[in-house]
Amino acid sequence: MHGPLGQMFIDISFSAALQIVMIGFIGGVLSGFIGSGGAFFMTPGMMNLGIHGVVAVASNITHKFGKAMVGSHAHGKMGNVDKRLALFMLITAAGGIRLAVWINSLLFKSGGDGNGAVKGAGANLYISMVFVCILSVVALLMLRDVLSQDGETAGPSTRIAQLLGRIYLPPVIHLKVADVKVSLWVILLIGLATGYLAGTIGVGGFIGVPAMIYVFGVPTAVAAGTELYLAMFMGAFGMLNYAWEGYVDLRLTFLLYLGSLVGIHLGTYGVKVVNEKLIRLATAVIILLCVLSRGIAIPAYLRQLNFLAIDARWDDYFNGASKAMLYASGIAGCGLILYNVFRAYRQRRQLQSTFGIPGPLAT
Amino acid sequence: MAIVIISSADEQTRRELAVNLARKLGCDSMSREQILDAATEAGIPVGRLEVAVLKRLAPRERLSRDKARYLAFVTESVCERASKGDLVYHGRNCHLLLQGISHVIRVCVVPEPDRRINNTMARLGLDREKAIEYIRNLDGDLDNWSHFVHGVGLTEPRYFDLVFNLQNISIESASAALCSMAQLSDFQPTPASIRAMKNLWLAAKVRNKIGTHELTAGADLRVSTQEGRVTITYMPGQSKIAPKIPEVVAGIGGVHEIVCTMATTNLLWIAESFDPSSSLFAEINDLAGRWGAAVELLRWSTPREGGIEGGETGFAVGSSPGVSPPPRPVPKAMDPTGGIEDDREEPEEVPDNGLATTAERLIGAGRFGGSGSATGQMETVVTSLKSGPQYSLVVIGEMFLSKPSSVKTRLTRDAASFLRERVNIPVIIGDELQGQFLPGKRHLIGIASSLLGSAILFGLVFTHQEQVMDFLAGPAWKKWRILAVLGVALVVPLMAYLYGRATGLILKLLKFG
Numbered sequence: 001m002h003g004p005l006g007q008m009f010i011d012i013s014f015s016a017a018l019q020i021v022m023i024g025f026i027g028g029v030l031s032g033f034i035g036s037g038g039a040f041f042m043t044p045g046m047m048n049l050g051i052h053g054v055v056a057v058a059s060n061i062t063h064k065f066g067k068a069m070v071g072s073h074a075h076g077k078m079g080n081v082d083k084r085l086a087l088f089m090l091i092t093a094a095g096g097i098r099l100a101v102w103i104n105s106l107l108f109k110s111g112g113d114g115n116g117a118v119k120g121a122g123a124n125l126y127i128s129m130v131f132v133c134i135l136s137v138v139a140l141l142m143l144r145d146v147l148s149q150d151g152e153t154a155g156p157s158t159r160i161a162q163l164l165g166r167i168y169l170p171p172v173i174h175l176k177v178a179d180v181k182v183s184l185w186v187i188l189l190i191g192l193a194t195g196y197l198a199g200t201i202g203v204g205g206f207i208g209v210p211a212m213i214y215v216f217g218v219p220t221a222v223a224a225g226t227e228l229y230l231a232m233f234m235g236a237f238g239m240l241n242y243a244w245e246g247y248v249d250l251r252l253t254f255l256l257y258l259g260s261l262v263g264i265h266l267g268t269y270g271v272k273v274v275n276e277k278l279i280r281l282a283t284a285v286i287i288l289l290c291v292l293s294r295g296i297a298i299p300a301y302l303r304q305l306n307f308l309a310i311d312a313r314w315d316d317y318f319n320g321a322s323k324a325m326l327y328a329s330g331i332a333g334c335g336l337i338l339y340n341v342f343r344a345y346r347q348r349r350q351l352q353s354t355f356g357i358p359g360p361l362a363t
Numbered sequence: 364m365a366i367v368i369i370s371s372a373d374e375q376t377r378r379e380l381a382v383n384l385a386r387k388l389g390c391d392s393m394s395r396e397q398i399l400d401a402a403t404e405a406g407i408p409v410g411r412l413e414v415a416v417l418k419r420l421a422p423r424e425r426l427s428r429d430k431a432r433y434l435a436f437v438t439e440s441v442c443e444r445a446s447k448g449d450l451v452y453h454g455r456n457c458h459l460l461l462q463g464i465s466h467v468i469r470v471c472v473v474p475e476p477d478r479r480i481n482n483t484m485a486r487l488g489l490d491r492e493k494a495i496e497y498i499r500n501l502d503g504d505l506d507n508w509s510h511f512v513h514g515v516g517l518t519e520p521r522y523f524d525l526v527f528n529l530q531n532i533s534i535e536s537a538s539a540a541l542c543s544m545a546q547l548s549d550f551q552p553t554p555a556s557i558r559a560m561k562n563l564w565l566a567a568k569v570r571n572k573i574g575t576h577e578l579t580a581g582a583d584l585r586v587s588t589q590e591g592r593v594t595i596t597y598m599p600g601q602s603k604i605a606p607k608i609p610e611v612v613a614g615i616g617g618v619h620e621i622v623c624t625m626a627t628t629n630l631l632w633i634a635e636s637f638d639p640s641s642s643l644f645a646e647i648n649d650l651a652g653r654w655g656a657a658v659e660l661l662r663w664s665t666p667r668e669g670g671i672e673g674g675e676t677g678f679a680v681g682s683s684p685g686v687s688p689p690p691r692p693v694p695k696a697m698d699p700t701g702g703i704e705d706d707r708e709e710p711e712e713v714p715d716n717g718l719a720t721t722a723e724r725l726i727g728a729g730r731f732g733g734s735g736s737a738t739g740q741m742e743t744v745v746t747s748l749k750s751g752p753q754y755s756l757v758v759i760g761e762m763f764l765s766k767p768s769s770v771k772t773r774l775t776r777d778a779a780s781f782l783r784e785r786v787n788i789p790v791i792i793g794d795e796l797q798g799q800f801l802p803g804k805r806h807l808i809g810i811a812s813s814l815l816g817s818a819i820l821f822g823l824v825f826t827h828q829e830q831v832m833d834f835l836a837g838p839a840w841k842k843w844r845i846l847a848v849l850g851v852a853l854v855v856p857l858m859a860y861l862y863g864r865a866t867g868l869i870l871k872l873l874k875f876g
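Here the protein sequences come in this chain order: X and W. Our numbering numbers the first residue of the first sequence as 1 and each following residue consecutively. Our numbering numbers the first residue of the second sequence as 364 and each following residue consecutively.
The hints are simulated quantities; they were obtained by calculation from the structure and are not laboratory data. Every value quoted in this text rests on a predicted model; they were computed, and no experiment measured them. The beta-carbon is built from N, C-alpha and C at its ideal position, and this holds for glycine as well. Treat the hints with caution; some may be incorrect.
With beta-carbon atoms standing in for the labels, derived distance ranges [unchecked claim]:
| hint | chain 1 | residue 1 | chain 2 | residue 2 | range |
| --- | --- | --- | --- | --- | --- |
| 1 | W | 805 | X | 184 | 24 to 32 Å |
| 2 | X | 172 | W | 502 | 46 to 54 Å |
| 3 | W | 521 | X | 172 | 51 to 59 Å |
| 4 | X | 313 | W | 823 | 47 to 55 Å |
| 5 | W | 823 | X | 7 | 23 to 31 Å |
| 6 | W | 491 | X | 281 | 49 to 57 Å |
| 7 | X | 17 | W | 812 | 23 to 31 Å |
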């Protein structure tokens, strides 16, 4: 890339392309397994390759749009999409995305402190901070929920949904597919938060899916399906906004697809062969490790913005450690899932090979 | 022709009630103990079987074989006696026999605790404490036995029509109530229930004959009958026995036709409704042909739904008569004729949602492995699958018919997931069968075209990186901003669709799905 384009977008070498495909694959496996977008891995992964945070988020949200479109179609066929819920959430989610894009663009253009600090450092810091704060809370809550339940078949807690059910805040909407009644105001609030996070760090699903399960009391499968349906529109809206601002790198999006669309099938298969408690435990641990990885990169951004007086050479160490931590968590999580996937696959093949004799024989 | 089956853990209590009731109905009573003696005389090691089950001594295959013989013997004996007129039969968990026969009244009798303890003390010469402990152990053993033989617990309430607690009612009153109940139209035989009973009886006779005949004893066979047509499915290891089966079975009264089918395995097709003209039937039949499998049908229905009557009944080695009986037909409204029996119309048969016709088609194709019905929650099916033979594949067909389309699809998925999590058997939904196990040319064409399309898009972007990025974010973008946005909006979903489709189809071919 030359000129202004070179300042904003990286040159993609073969090695960088392979790494992006790998990031996409791991993100896809985690995404299929966990049921969220996988951006919690892909966004920081791309940032570690030197891609600006805003470009990483923009390319990832664009990638998410296409993926969600394919995924929500499949979920729709399975009857897991509550379109009414998605529609109401979308009303405020669009506003949330617009707000996020505006903040990201502002920080990126101004450098963050308004005094000519390193370009993109402000946006990078802001994205990383939101990432760390929100996902720490999500992962810890998830971990607490898993560890406090006994038995392998324990389902998600419905305490919040029951509490909200007792607070009558009209108008109350009956969601037919999910078969629950929820106040419109709660839906709109969650929609706004989901949209804002999707636009800021590309992981709106981490708020949307738990909120649907824990706050609305929606069945897990319907929450995942509806989130994907919602993600399709939010992704489209986010993509249009970021494309309008000129931040989408189509090459990154395509490379992410190469890995993620294979990974997502394997991750989804993993859900069928791994018990639910382990799924949620693995999810919480993987997210926490991703949060830690992003947290390690924060001092470098603080230095670039002159908030921290450390040697510039330390940036490489922070970035390297962050990258290593991210890859370690992604590869470990992905390895765990793939181990279970291939073990189950092998068992099934062995079972089938015992009766694969062709042709009936009747006497 | 009333058939009353009384279950109680206390032999003396049930015997008294059965004798009293039989006297009122003017018929015979028959006890489990009588049948046990006869079974032992016939060479079925019932005592050994009980001990082996409770102490887990014998290998499962052996136990399953003995269990099938035992069940067949008991069923044949009860059906034979019931065919002669009214019958009162009593045992410890006999209410689980003759499932699917609507003119059977199933009664649970809860004995008075003190009386039961005293009976035990007197019979076994034990002190009170030991008698109590003995009863507690016995109840546990009976429950285990019930799980092994029938696949359900002893006290599962939905298998009873009536429960008498003898702390609150005398035997005389319970007997009088049962006598009145036996006159109710709900418990009168219908053509369908008589047919179902004949099927059951014939299947039991055939299974019993095969189990006792020297040429076929010890063979693992599945027997199912329908209107005199007997289908016997055997595994390849027993193909030498197969030619002898018609010779053994031929002499049994009521057998009009014998079909012997070798199965290398069993497929279980669970549905609320079956359709032999559906594409799913063709696919299952095709798959069964490729695998050399027998297809077993299980009609599953929710408790709210009207039940089915009859259908043919299978006796499988280690199989699953433990599935719950089909619900009874809905009782007719009160009769305005004053209850004159001769003026009543025969109760209408409740439709079986294609079970019988599908079974017939499978019999014709030589791939029928038996059929049954289950009502209630999916746990019933899980119990049945766990206690039955090892299926190679479970196919979920049309379910939740009363629900809207999207809910039906989701609930079917949930049911499949539920089964997958609980049984170590591949479970697949009917819609996925073609893609998963029967891939064709269409799939290969789909893979090739999708891969080609995505390769073209990918190639275009990466061979024109400067131009593409210029259009999306450079000087060209400033000029043609709207076009740039539209371009992204069109190209990205297209790439996702093409590449996603290709990977999905390839992974399905590789059986990841």
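These are the hints, each one checked on the structure:
1. As the Cβ distance of residue 805 of chain W to residue 184 of chain X is approximately 45 Å, the hint placing it in 24 to 32 Å is violated.
2. At about 49 Å, the beta-carbon gap between residue 172 of chain X and residue 502 of chain W stays in the expected band of 46 to 54 Å.
3. The hinted window of 51 to 59 Å between residue 521 of chain W and residue 172 of chain X is violated, with their beta carbons roughly 36 Å apart.
4. Distance hint check: the CB atoms of residue 313 of chain X and residue 823 of chain W are about 41 Å apart, inconsistent with the given range 47 to 55 Å.
5. The beta-carbon spacing between residue 823 of chain W and residue 7 of chain X, approximately 25 Å, falls within the hinted interval of 23 to 31 Å.
6. With their beta carbons about 51 Å apart, residue 491 of chain W and residue 281 of chain X fall inside the hinted range of 49 to 57 Å.
7. For residue 17 of chain X paired with residue 812 of chain W, a C-beta distance near 25 Å keeps the hint of 23 to 31 Å intact.
Hint compliance for this structure: hints 1, 3 and 4 are broken, all remaining hints hold.
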